[in-house]
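Visitor: With the hints in hand, could you dock these two chains into one complex?
Residues per chain are reported as follows:
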Amino acid sequence: MNLVWWLYLSVLLFTIGGITVLVRRNAIIVFMGVELMLNATNLAFVTFARINGDVEGQVIALFVMLVAAAEVVVGLAIIMSIFRTRRSASVDDASLLQY
Amino acid sequence: MTAATAAGALVAASTETGQASLGGNGEEVLFWVIAPLAVIAALGLVFARKAVHAALCMAWVMISLGIVYFAQQAPFLGAVQLFVYTGAVMMLFLFVLMLVGVDSSDSLVETIKGQRWFALVFGVGLAVLVISVLRDVTYPSAAGLKDVDTGGNITTLAGLIFGTYVWAFEVTSALLITAALGAMILAHRERLTPKPTQRELSIRRIREGSIKAPLPAPGVFARHNAVDTPALLPDGTPSELSVSRVLTARGQLRDLRSVADDVRVVEAELTDPLGDQGPRTSREGTPGIVPGDAAERVAGGGQAGGGRGDTGGSTDRADGTADGKGAAT
Chain A
-14 MNLVWWLYLS VLLFTIGGIT VLVRRNAIIV FMGVELMLNA TNLAFVTFAR INGDVEGQVI
46 ALFVMLVAAA EVVVGLAIIM SIFRTRRSAS VDDASLLQY
Chain B
30 MTAATAAGAL VAASTETGQA SLGGNGEEVL FWVIAPLAVI AALGLVFARK AVHAALCMAW
90 VMISLGIVYF AQQAPFLGAV QLFVYTGAVM MLFLFVLMLV GVDSSDSLVE TIKGQRWFAL
150 VFGVGLAVLV ISVLRDVTYP SAAGLKDVDT GGNITTLAGL IFGTYVWAFE VTSALLITAA
210 LGAMILAHRE RLTPKPTQRE LSIRRIREGS IKAPLPAPGV FARHNAVDTP ALLPDGTPSE
270 LSVSRVLTAR GQLRDLRSVA DDVRVVEAEL TDPLGDQGPR TSREGTPGIV PGDAAERVAG
330 GGQAGGGRGD TGGSTDRADG TADGKGAAT
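From first to last, the protein sequence lines are chains A and B. If you read the first sequence in the working numbering, its first letter stands for residue -14, the second for the next number, and so on. If you read the second sequence in the working numbering, its first letter stands for residue 30, the second for the next number, and so on.
Excised from the complex, chain B in its bound form (with noise of 0.2 Å):
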C-alpha cells in the first residue's frame, strides 16, 4: 500500500499542479485497458444491427464500469453493479428482447431529414464542452478515501445510507414496490373472451379453407436435408410453407434462385447419369471449381429440362444465369 501511495505521489508529481492524482501505474494501465474497450462497446451501441448485439455491448460496458468501481475504491458499489446492472437489468433486457422478437431489427430510414448529423453535432459539442470544462477546473489535491474508509467501505455505506439518508432509503423502498407493481398491472392482461379450444380451431380451419394437413418439411430435396432449404413442390418452385417463419423473418432463409439452379444441376445429372464425377456447381450460388464446365453442365440440363417443357419463371432465370456465366467462360 505504502508502495502505491508513493507511485501515486510520483504520478501527482509528473503531472500538472493542481490535477487531482491518485492511484499507482496500475490504475493506468487498468484505465487504458478498459476504456477504450467501454468506449467501443458503447459505441456497439449506436452502430449494432441487431437489438440482441447491442444489448450484449451494453452488458461488456456495465461489466468495465463495475470493474472500474472496484478499483475506485468503490467495491460495495462494483459488487452491487455487476449483480444488479449485469445480472438483473441487462437479463430483463435480454427477456424483453425476446418476448418482443429478435427479429425486431432497426429501420434504417430517417424519419426527420438530417437527424443523425444533428444528433452527431450535438454529441460531439456535448463532449467537447463537457470536456473542455473538466479540463479548466482547478482539483483539490485527490484525497482518497482512506481516511473516510477506516471501518471498510461497506461500513461507511452503511452508516450514510441508515444514517444521513434513511428517509431517502425508506422512500426508495416505497418506489420500488410501485414500480413492481406497475410492471405487473402493465404487463398484465385480461382475457377478453374464452381461450378457444381444439374442436373450435379445427373447426375454424376447416371453414376458413387453409390447410388442413400437416405442413410440408423443409429440405426434402435431393441435396440438401437443412431446415432453411423449402421443400420443392411438384411443379418445382421452392414451397414458402416448409421452413419456420423465425428463419423467413431472420433472413437466414436459403436463397429460392440458388435453388432453382440445384434443380437444373440434378436435372443434369438424371439426364447425363454417366457423365464425370466432378465438382459441380456449389449450393450457394458461387462457381465451383471449374465454373465454366459445370456452367456447360448446367446450361445443358437446363435444355434438356425445356424440352421436357413445364418450367416455371425461376427455371427460366436460372437458365439465363447459366447460359450467361457460359457465354462468359
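Pulled out of the complex, with its shape left as it was, chain A reads as follows (with noise of 0.2 Å):
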C-alpha cells in the first residue's frame, strides 16, 4: 500500500480540526477540534517515521500526547473556571478584554 495515503487521511483530519476550531461556538467542542488536530499531525509523525525507517517520528508523536494531556487538563479548567463564573461555555460569551 502507498502510505501517502495515511498522510492524505492525516490532512484530513487536520483541516476537519481547524474547521471545528473556527466554526463552532461551544469552548468544549472547539477543544475537541485542537485535540483532532494534535492527532492528525501525530499521525503523520507515525507514517514518516515509517517511511523515513526511523522511530525518533513515533518519540516526537509520544511527546506530542504528552504535552497535549497536559494541555486538556489545563484548558479544561479554564472552560470549567470561566463557566463558573459566566455560566456559559460559549467562545462568544468571553469578550471581556473586548471593550
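Derived by calculation from the structure, the hints in this document are not laboratory data. It is possible that some hints are incorrect.
Calculated lysine to aspartate or glutamate pairs in the EDC-like style (CA-CA distance at most 20 Å, straight line) [stated by the list, open to error]:
| no. | chain 1 | residue 1 | chain 2 | residue 2 |
| --- | --- | --- | --- | --- |
| 1 | B | K142 | A | D77 |
| 2 | B | K224 | B | E237 |
| 3 | B | K79 | A | E41 |
Label-pair ranges, simulated between beta-carbon atoms [said to hold, decoys possible]:
| no. | chain 1 | residue 1 | chain 2 | residue 2 | range |
| --- | --- | --- | --- | --- | --- |
| 4 | A | R71 | B | R234 | 26 to 34 Å |
| 5 | B | F151 | A | D39 | 29 to 37 Å |
| 6 | B | I214 | A | L81 | 18 to 26 Å |
| 7 | A | D39 | B | A278 | 48 to 56 Å |
| 8 | A | V52 | B | P225 | 37 to 45 Å |
Reference listing, derived: stretches of chain A covered by chain B, where coverage requires no fewer than 3 residues with Cβ under 8 Å from a Cβ of chain B [what the hints assert, rightly or not]:
| no. | segment |
| --- | --- |
| 9 | 11 to 20 |
| 10 | 24 to 32 |
Ideal Cβ placement from N, Cα and C applies to all residues, glycine included.
Guide: What follows is the structure, encoded as C-alpha cells:
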C-alpha cells in the first residue's frame, strides 16, 4: 500500500479539526477540534517515521501526546472556571477584553 | 512476514515509482475501512448539535487512530493512544461536559457574517494545498522500521527516550506537574461566605414567600404517569413546577398543547361515558386511526366544557384545533 494515503488522511483530519475550531462556538467542542488537529499531526509523524525508517517520529508523537494531555487538563480547568463565572461555555461570551 | 513483504513489493511495483509503498493488501483494506469511518466521525465533530455526540465521535476517531498506529509498526504509540487519549482525555472531556451541563448546546447564530463560508473555504484550501504538495513530493522508497526495531518497538523507543531525548523527557515531567497544579488552582474555589444551614435556608424561603410545600409531582393525570408530563392545576393549566428543569432545558417536555388536547379527550369521555371505546386521538397530537371520528368527539367535548365555563386560553386553543380537524374531514 502507498503510505502517502495515510498522510492524506492526516491532512483531512487536520482540516476538519481546523474547521471545527473556526466554526463551533461551544468551547469544549472547539477544544476537541484542537485535539483532533494534534492527533492528525501524530498520524503524520508516525507515517513519516515508517517512510523514513526512523523511530524518532514516534518519539516526537509520544511527546506531542504528553503535551496534549497537559494542555487538556489546563484547558478544561480554564473552561470550567469561565463557565463558573459566566454560566456559559460559549467562546463568544468570553469577550471581557474587548471593551 | 515474507508473504507480506512480497505483497508490499507487488504493490510497490504496481504504483508509481518514487512513491513510498509498504505493507500488504491487508493494510490497504484497513485503510479503506478505517479512513472513511474516521473522516465521518471527525465530520460529526463539526455537525453534531449536542456536545456529547461530538465527544463520542471524537472518541471513535481516537480509537481508529490507535488501530492505525498498531498497523503502522507503532504498537507502543497505539497502546498509549488508546489508554491516554481514549481512556483518559476523552473521559475527562465527558466529565467536564457533565459538569458544564449536557444542555449547553451550540447557538447556531453566526456572530460574524459569513464566517462559516470563510471557514469552509479556508479548510478546503488548506486541504487542497497540502495534499497537492504531498502528491508532488518524491518520497524515498519506504524503508519501514524492521531494520531499526530489531529489539522490538518498545525497546527502541525506550533507548531513544532515555538516551537522546532524556532531557526533554525530564522537562516533560516538570510540565505535567505544573499542569496538574495549575488545574487544581483553576478548579479550586474558595468559599467566601459560610455555607447556609438548613435553618437559614428555610427562614429565607419563608421570607421570600416562595413555595413552602414540596413541589407538585409530575404526571398526576388520568392518561399519563410519565415524568415528562406536567401536572395539571385545578383550573386545568399544566404546572411548570412539576417537571424537572433538566427535561425543560433539553426540550424533552411533553408539549403543553397536547396535554390540553388530552384534557378535552378526558372531558369528552366523562360527558359521554357510554360512547364506543374506539381508538382516541393519540397523545402526540397526531390523529388516531379514525381521525375524523375522534376529532368530532373532541369537538363535542369542547362544547360541553365550554358550557361549563372556566376555559383557559390553552383549552380555547385546543378547541380551535379540534374544530379545524373536524371541519377538514
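Visitor: Enumerate the violated hints, using their earlier numbering and listing them in ascending order.
Guide: 3
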